[in-house]
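S.K.: Below, each chain spelled out in residue letters.
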Amino acid sequence: MGKNVKLKKGYNINILGTPQKKTEKIHTRTYAVKPIDYLGLSPIPKLLVQVGDEVKAGDPLFYDKLQPDMLFCAPVSGEVVEVRRGEKRAITEIVILADKQIQFKSLEKIRISSTSREEIVKHLLQNGGWAFLRQRPYNVVADPKDKPKAIFISGFDTAPLAPDMSYVMEGQMGAFQAGLEVLKKLTDGKVHLSLPGSGGGKIGDAKGVEIHKFSGKHPAGNVGVQIHHIDPINKGEVAWTIDPQNVAVIGRLFDEGRFDTTRLVALAGPVVKEPRYFQTYLGANIEGFAANNLDNDHVRFIGGNVLSGKKIDIKGHLGAFDNLLSVIEEGDRYELFGWLVPNYPRPSASRSFLSALSSKKQFNVNTNSHGEHRAMVLTGQYERVLPMDLYPMQLIKAIMARDFELIEGLGIYEVVEEDLALCEFVCPSKTDMQDILREGLDYMREQA
Amino acid sequence: MIKFLEKKVEQVLEATKGNKYAHTVADGFATFLFAPKTTTNGLGTHIKDGMDLKRLMIFVVLAMQICLVFGMYNVGHQHFLAYGLAGEASFFTKFFYGLFQILPIIVVSYAVGLGIEFFFAARKGHAIEEGYLVSAMLIPLIMPPDIPLWMLAVSIIFAVIIGKEAFGGTGMNILNIALTARVFIFFAYPTTISGDEVWVAYDYNFLHSIFGLDSLAYSTFGADAIANAKHGLMSFVQADGWTGATPLALAAKGGWEAVQGAYTTSQLFWGDIPGSIGETSKWAVLLGGAFLLATGIASWRIMLSMLIGAIVTGLLFNAFGAADSFLGVPFHYHLIMGSFLFAMVFMATDPVTAAQTDTGKLIYGFLIGVVGMIVRVLNPAYPEGWMLAILFMNVFAPLIDHYVVAANIKRRLARANAN
Chain A
12 MGKNVKLKKG YNINILGTPQ KKTEKIHTRT YAVKPIDYLG LSPIPKLLVQ
62 VGDEVKAGDP LFYDKLQPDM LFCAPVSGEV VEVRRGEKRA ITEIVILADK
112 QIQFKSLEKI RISSTSREEI VKHLLQNGGW AFLRQRPYNV VADPKDKPKA
162 IFISGFDTAP LAPDMSYVME GQMGAFQAGL EVLKKLTDGK VHLSLPGSGG
212 GKIGDAKGVE IHKFSGKHPA GNVGVQIHHI DPINKGEVAW TIDPQNVAVI
262 GRLFDEGRFD TTRLVALAGP VVKEPRYFQT YLGANIEGFA ANNLDNDHVR
312 FIGGNVLSGK KIDIKGHLGA FDNLLSVIEE GDRYELFGWL VPNYPRPSAS
362 RSFLSALSSK KQFNVNTNSH GEHRAMVLTG QYERVLPMDL YPMQLIKAIM
412 ARDFELIEGL GIYEVVEEDL ALCEFVCPSK TDMQDILREG LDYMREQA
Chain B
2 MIKFLEKKVE QVLEATKGNK YAHTVADGFA TFLFAPKTTT NGLGTHIKDG
52 MDLKRLMIFV VLAMQICLVF GMYNVGHQHF LAYGLAGEAS FFTKFFYGLF
102 QILPIIVVSY AVGLGIEFFF AARKGHAIEE GYLVSAMLIP LIMPPDIPLW
152 MLAVSIIFAV IIGKEAFGGT GMNILNIALT ARVFIFFAYP TTISGDEVWV
202 AYDYNFLHSI FGLDSLAYST FGADAIANAK HGLMSFVQAD GWTGATPLAL
252 AAKGGWEAVQ GAYTTSQLFW GDIPGSIGET SKWAVLLGGA FLLATGIASW
302 RIMLSMLIGA IVTGLLFNAF GAADSFLGVP FHYHLIMGSF LFAMVFMATD
352 PVTAAQTDTG KLIYGFLIGV VGMIVRVLNP AYPEGWMLAI LFMNVFAPLI
402 DHYVVAANIK RRLARANAN
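Top line first, the protein sequences correspond to chains A and B. Sequential numbering from 12 applies to the first sequence in our numbering. Sequential numbering from 2 applies to the second sequence in our numbering.
Hints were generated in silico from the structure; no laboratory data involved. There's no promise every hint is true.
Said to hold, decoys possible - In silico PhoX-like pairs for lysine-lysine, Cα to Cα no more than 25 Å straight-line:
id	chain 1	residue 1	chain 2	residue 2
1	B	38	A	160
2	A	321	B	38
3	A	14	A	218
Using the sequences plus the hints, can you model the full thing?
M.R.: Structure follows, in structure tokens:
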């Protein structure tokens with residue numbers, strides 16, 4: 012039987028424009044796979060396609076030089092039209108102009124129960140399923156040579172504007188269950204599925220896994236927080252994580268014999284006219300979502316949630332792990348005496364605003380930093396929003412000082428960026444905690 | 002109108018780009034007038050909490066305002082009391098007397114301290130940190146009303162340069178800045194600050210003539226005495242029965258009974274007694290403290306544990322001390338004497354110099370309570386203990402944190418080894 016964990020610490024950021032439970036199918040003109048989504052790869056992957064090539068959904072696009080068996084595959088069929096490059100020629104996007112009707116590369120259907128771990132690993136690696144498995148510590152793509160001590164799935168999301176996972180998974184429970192069977196083959200330990208204290212709806216019907224309940228405010232839905240309370244990662248241990256929709260992708264890979272990345276993506280935010288869900292494939296172009304759906308054009312598109320998502324420009328594409336496209340206004344305007352008398356309401360975990368009196372209020376947020384970067388002065392504010400036995404400020408300072416033993420001792424293996432995102436949000440000194448943590452994670456990985 | 006201002010601000014910022022000193026100052030004032038239009042950089046969270054350091058610091062300054070306003074009144078009140086005119090002078094006369102007495106102290110405090118801050122910020126090419134806004138308000142509140150301004154300036158220069166900038170600026174200092182300034186005067190000019198002459202403002206200034214109190218003073222003391230007073234020889238004009246001694250000085254001599262001989266309990270609480278500018282009025286300090294706790298800005302852990310530390314030590318003293326000695330002063334009266342509450346609400350809770358971990362804060366506060374009481378009661382040389390206790394614990398705070406954090410590391414190691 013799983014655990015029932017009640018978390019007291021945390022903070023819910025209520026933002027206007029939460030997605031309504033309504034789904035529309037959308038097939039955007041282009042789709043893209045972004046090598047930079049997959050942490051831990053070498054900067055320039057080996058391309059298997061060129062601009063102009065026709066691909067089917069499931070055809071390999073590229074691989075990492077150090078892991079030639081692990082293939083990253085096309086989510087849709089069509090023509091490769093562009094390879095976008097960023098700094099130091101690193102590949103940021105491989106763009107496919109999609110066919111109207113998606114052609115899937117047909118694969119062998121595999122009975123999971125009677126297949127060995129080795130064959131399952133091979134099937135995942137060759138057909139794009141492996142890329143969804145992420146390893147703790149470091150949040151990098153899982154290493155096929157490892158056997159994780161457990162696999163963790165968070166069955167709900169508490170981040171601002173987050174999609175309702177029970178709604179998202181409603182129509183995918185068959186594939187989800189099949190995916191869980193695959194995961195169970197990959198570890199000798201358990202597969203853990205965490206649900207909200209209130210139940211979690213359909214997703215709670217999952218069989219054969221250890222089900223835990225977490226109640227509390229954000230970040231109770233973060234898999235890192237859940238791992239910390241279920242079976243924390245110690246030095247030298249490896250656990251894997253994966254999100255529910257990508258579990259379903261793996262399930263379909265075995266059950267239906269095709270790399271079908273169908274997913275529900277929520278479009279949400281205060282400037283969205285009709286916030287709702289869209290059914291599409293991995294890497295959809297965001298222009299398709301934005302067209303005619305916004306009140307304002309001076310906005311920022313964020314793949315993922317507003318705390319730890321990635322900024323995307325309007326020509327860009329959603330990432331492999333995004334099931335939310337947040338749209339908020341850019342806040343590049345002055346505010347007369349704004350630090351003292353706010354000209355409009357804004358969320359704050361401090362109790363220094365009148366809005367603290369009502370916890371239900373939903374805010375129209377923007378990207379203004381509400382103050383400038385300063386030295387770290389206040390203490391205790393991070394601990395108030397982080398339900399883990401961990402000292403975030405000390406950890407961040409240890410990383411800045413590159414003190415290997417201290418960083419390790421303070422528990423860096425238990426956190427990734429999204430876990431400290433709320434700490435970064437509340438920081439009155441506006442410290443870039445997630446960025447510093449990533450530096451620390453990279454540093455530790457190099458040293459190890 | 003606002004658009005016009007925004008434009009002007011941008012023009013000034015642009016024009017001063019060449020000179021880093023001018024630019025830092027311009028930037029300091031610009032960000033004061035307008036919350037800047039900077040947006041999140043895309044490296045981390047895309048939205049930020051409305052709380053920033055400016056707001057944080059200004060809230061602490063706001064929390065001190067009742068203390069300050071009452072302090073102004075009380076400085077005037079004590080002054081006229083010394084002249085035997087407390088009944089004749091109106092509330093406003095007293096308040097304005099205090100205002101004129103205190104305003105120069107505040108101006109010097111901000112001008113000297115911020116001047117140094119601006120200079121160092123420009124040298125380092127940083128924006129101006131807001132930390133000193135609080136220190137500059139705290140310093141006047143813990144000074145006696147008759148403090149010579151040059152002495153104040155010297156102590157602030159010492160505190161900001163040696164106490165703060167030498168350690169790397171805001172957020173890096175080991176010692177509380179306001180208390181460093183206070184302790185500097187305390188040890189550099191001991192005769193000035195430990196005698197009783199500074200605790201009441203005796204300046205016989207123009208306010209007397211404005212409010213028509215001249216003739217009253219002349220009839221009470223005679224023309225010669227007033228002439229002396231105008232030249233700063235205050236002892237001639239003290240009214241009968243007036244001692245000017247602070248409650249703690251009395252308690253050290255004769256226990257609680259001696260205090261009660263001069264002051265009632267309600268006087269100690271409401272604050273119409275001689276003392277530092279902002280700390281005599283316990284109710285004002287408590288209101289400020291309530292504000293800081295309600296907004297979540299100050300640590301309740303430090304306040305609560307310091308209170309407990311002081312009470313426990315007070316009870317121990319009571320168990321051993323004779324009734325008419327300082328040891329025998331009932332523990333609860335300790336809480337409304339001297340600057341205990343002010344130190345608890347505004348000084349011990351300084352987040353930079355306090356312990357930084359939650360557990361550490363409990364230990365830190367408790368030890369301040371204990372040490373402060375020991376210095377106050379057992380040490381014959383110093384009439385009050387909180388300044389020294391807090392500075393002492395400031396030094397130990399990193400050590401406390403070190404052990405709290407080490408315990409966390411050990412827990413993690415033990416967990417790893419158990420597997």
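S.K.: If a hint holds in the structure, say so; if it does not, say that too.
M.R.: A quick look at each hint next to the structure:
no., hint, in the structure
1, B:38 - A:160, "47 Å, violated"
2, A:321 - B:38, "21 Å, holds"
3, A:14 - A:218, "16 Å, holds"
This entry does not satisfy hint 1, going by the numbered hints stated previously; all others are met.
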